[in-house]
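Undergrad: Put the two chains together into one complex; each comes in its own frame, and the hints tell you how they fit.
Respectively, the protein sequence lines represent chains L and D. Letter by letter, the first sequence follows residues 1 to 157 in my numbering. Letter by letter, the second sequence follows residues 158 to 271 in my numbering.
Just so you know, the hints here were simulated from the structure itself, not pulled from any lab data. Careful, some of the hints might be misleading.
A short list of chain D residues far from chain L (calculated; beta carbon distances all over 12 Å) [as the list claims (entries may be wrong)]:
| # | residue |
| --- | --- |
| 1 | Ile160 |
| 2 | Val162 |
| 3 | Glu163 |
| 4 | Asn167 |
| 5 | Leu171 |
| 6 | Glu174 |
| 7 | Ala188 |
| 8 | Asn196 |
| 9 | Ile197 |
| 10 | Asn198 |
| 11 | Met220 |
| 12 | Thr256 |
| 13 | Asp258 |
| 14 | Met260 |
| 15 | Asp265 |
| 16 | Lys268 |
Reference listing, derived: stretches of chain L covered by chain D, where coverage requires no fewer than 3 residues with Cβ under 8 Å from a Cβ of chain D [as the list claims (entries may be wrong)]:
| # | stretch |
| --- | --- |
| 17 | 10-22 |
| 18 | 50-56 |
| 19 | 114-123 |
Have a look at the derived ranges for each label pair, beta carbon to beta carbon [what the hints assert, rightly or not]:
| # | chain 1 | residue 1 | chain 2 | residue 2 | range |
| --- | --- | --- | --- | --- | --- |
| 20 | L | Asp79 | D | Asp258 | 34 to 42 Å |
| 21 | L | Arg90 | D | Glu255 | 37 to 45 Å |
| 22 | D | Arg228 | L | Asn67 | 41 to 49 Å |
| 23 | L | Arg90 | D | Lys229 | 38 to 46 Å |
| 24 | D | Asn196 | L | Asp122 | 45 to 53 Å |
| 25 | L | Lys34 | D | Arg224 | 38 to 46 Å |
| 26 | L | Thr12 | D | Lys226 | 28 to 36 Å |
| 27 | D | Glu174 | L | Lys63 | 24 to 32 Å |
| 28 | D | Gln187 | L | Lys34 | 30 to 38 Å |
| 29 | L | Asp98 | D | Asn246 | 15 to 23 Å |
| 30 | D | Asp258 | L | Ser95 | 38 to 46 Å |
| 31 | D | Arg228 | L | Asp79 | 47 to 55 Å |
Predicted, not measured: the structure shown is a model, and the values here were computed from it. Cβ coordinates follow ideal geometry from the N, Cα and C atoms, glycine included.
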Amino acid sequence: MKIKNNKKRDITLDIPSEVRHIYLLDNVLAYVAKEMDFDEETREQVNLAVIEAGTNAIKHGNKNDSNKMVHFRFNISNDKLTVYVKDYGRGFDPSNLDDPLSPENVMKPCGRGIFLMKALMDKVEFTMIGECGTEVKMIKYKIQSKADDGDNSGICK
Amino acid sequence: MKIDVENKDNGAILHLEGKIIGDGVARFKQAIEEQISSNINWLILDLSGVPLMDSSALGTIIMAFLRLKERKGKIVLLYAQKSILEILNITKLNSLFETYDNMQMAIDAVKIDQ
Numbered sequence: 001m002k003i004k005n006n007k008k009r010d011i012t013l014d015i016p017s018e019v020r021h022i023y024l025l026d027n028v029l030a031y032v033a034k035e036m037d038f039d040e041e042t043r044e045q046v047n048l049a050v051i052e053a054g055t056n057a058i059k060h061g062n063k064n065d066s067n068k069m070v071h072f073r074f075n076i077s078n079d080k081l082t083v084y085v086k087d088y089g090r091g092f093d094p095s096n097l098d099d100p101l102s103p104e105n106v107m108k109p110c111g112r113g114i115f116l117m118k119a120l121m122d123k124v125e126f127t128m129i130g131e132c133g134t135e136v137k138m139i140k141y142k143i144q145s146k147a148d149d150g151d152n153s154g155i156c157k
Numbered sequence: 158m159k160i161d162v163e164n165k166d167n168g169a170i171l172h173l174e175g176k177i178i179g180d181g182v183a184r185f186k187q188a189i190e191e192q193i194s195s196n197i198n199w200l201i202l203d204l205s206g207v208p209l210m211d212s213s214a215l216g217t218i219i220m221a222f223l224r225l226k227e228r229k230g231k232i233v234l235l236y237a238q239k240s241i242l243e244i245l246n247i248t249k250l251n252s253l254f255e256t257y258d259n260m261q262m263a264i265d266a267v268k269i270d271q
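Just chain D, same shape as in the assembly (with noise of 0.2 Å):
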């Protein structure tokens, strides 16, 4: 699995590839966690080159998507493909993460509430 970071102004936008299973979650649970800490407000992951994630990795995003809440930021998931649609449609976190298909009004999303 490998993760690109893209910092940009007050946020990060997270380029990712591979499936992010096994230990592939830690790796994108730290790299997460090193953005949050650097005292980020959004976050966008680019989930083009992510044909799989499993329940963990869905967890991680909880908690960033948390964590980011609680300083009034925003995490948003980008070109997510259809495999990982249909997961986020099944556990209903599609009620609770924005999706884009484009990545400027990914951008104009997680700026606009700040």
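One chain only, chain L, in its complex shape (with noise of 0.2 Å):
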């Protein structure tokens, strides 16, 4: 495992392969939330997205292979949050995906992770890298405080 801070506010974090590293990929999120200083819903709508795109390359892009890395890159700016996943896996259609919400889905065990990141991010973007695997880029916008912004425009986005 590594974990990388820069000056670039750039934070990186590889784990292996395994579902119960999600609880160190939380506590990087905690990091990253203070450092972005979200407010409380924004903290827990990123917290989820990210943990979902985490656990989704662990168990549907890796295998769950712990030979195969999965890397987090967390690029923090004044206006925003931009989360890159990174695995291995073969890659999916992401326009290919039940809604989760009709009538013969909502009972479904499966199927909410993509769903739920797409509700909670601002933007969630896919692209797939042939063989070498899948990325996600997410982004959140913060919501300025009017004392930080120096107008009265409110949501920067």
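TA: So this is what it looks like as structure tokens:
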């Protein structure tokens, strides 16, 4: 496991593909949320979305193979947090997923992870890197306080 | 993650503490499986100490809901925190699961259909 925090306010975390390491991810997310000065609701939203992405990468991307790593990068800026999650799986078609809200799917135990990521973050993109894996990019914008942004525009988005 | 089981009549109350994520989901699933295998008819999940659960944990509750329904049993959620209620709302699972803020009301709800 490796955690790096450089001067560009990029934080990286690499974990082997075992779900027990999700608790370590959770701890890093707490640190990232503190750095971002997110409000409680936003912190909870980002926390769950990234945990869903990490769990998907471990289980479905790397098939729980502990020899394969999952890479996380948190890019912190004044107005937004950008999170990258990369695995070594064969990818999938994100446009071909069941809608978990449709009546025929609401009782299914699976299939809500990506739906939740999209619902909780402001932007979610999937990039298939051929045989080299899949990368998820997620963005959460920060709601600026009036004191922070110097004007009365409110949401910086 | 900590799970305390309180058996009552023909059901059980699971007092849960901590985030239900990562390998905590497997422990949560095992605890529920053990109870359902012992032929109980109702389950109350005390979520007062659970600030977060992931979609796999939600799936585990759905499985318990379906298995208990087969035997005309019931599962309800007690003391769900705001963050959990929000996820139930987003996923529309609030239409499936009954939630209570009062222990006696939760017990009455699971026993009324027995």
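Undergrad: Could you tell me which of the hints above the structure violates, numbers in ascending order?
TA: 11 and 26
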